[in-house]
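Enquirer: Sequence:
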Amino acid sequence: MSGAFVRVAFVWMLIFLIIQPLLSHIDYLLYVVVKSNANYAAEKAAPDGMLTPSVREQVLANLQAVGIDPSQVVIVSNASSPLKRGEELEIQIEAPRLPMFVYQFTGQELPTTYFAKAYTTSEYIP
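So that you can map any letter, position 126 of the sequence shown is 126 in full-length UniProt numbering, and since no number is skipped, the others follow by simple counting.
Simulated from the structure, these hints should not be mistaken for lab results.
None of these values were measured; they are calculated from a predicted model.
Every residue gets a Cβ at the ideal spot worked out from N, C-alpha and C, and that includes glycine.
Keeping only pairs whose Cα atoms sit at most 35 Å apart, straight-line, the calculated DSBU-like set for lysine-lysine is:
1. K117 <-> K44
2. K117 <-> K84
3. K44 <-> K84
4. K84 <-> K35
5. K35 <-> K117
Distance windows between CB atoms, simulated:
6. T113 <-> W12: 28 to 36 Å
7. F10 <-> P53: 49 to 57 Å
8. S71 <-> F5: 43 to 51 Å
Starting from the given sequences, assemble the full structure and let the hints guide the process.
Expert: So this is what it looks like as structure tokens:
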């Protein structure tokens, strides 16, 4: 009887040991995608001096392509109208995060969102 219990416990431990690194790697890759899309949005927004709707839609399409729900993504910019050339343009993206652990062993609150911020200089010439 105890041999069967040890086998079952070992199988579950083995499953956790296999799945956890995989989940951590997927979590890291999704963070990189969100960060790179923030940089992409900043790069594409620089000539216009602000975040345009077409760039916003492209970023949402990119995030949706990797499985992030676009309705839960928040994209914020510090410019609602075009900034003059040389002013700082800032873009923030906040996206929902997947669970990082199969089982939560502690009572600590885990992060629930990916957060990325990118800065660039406006290149808009009025």
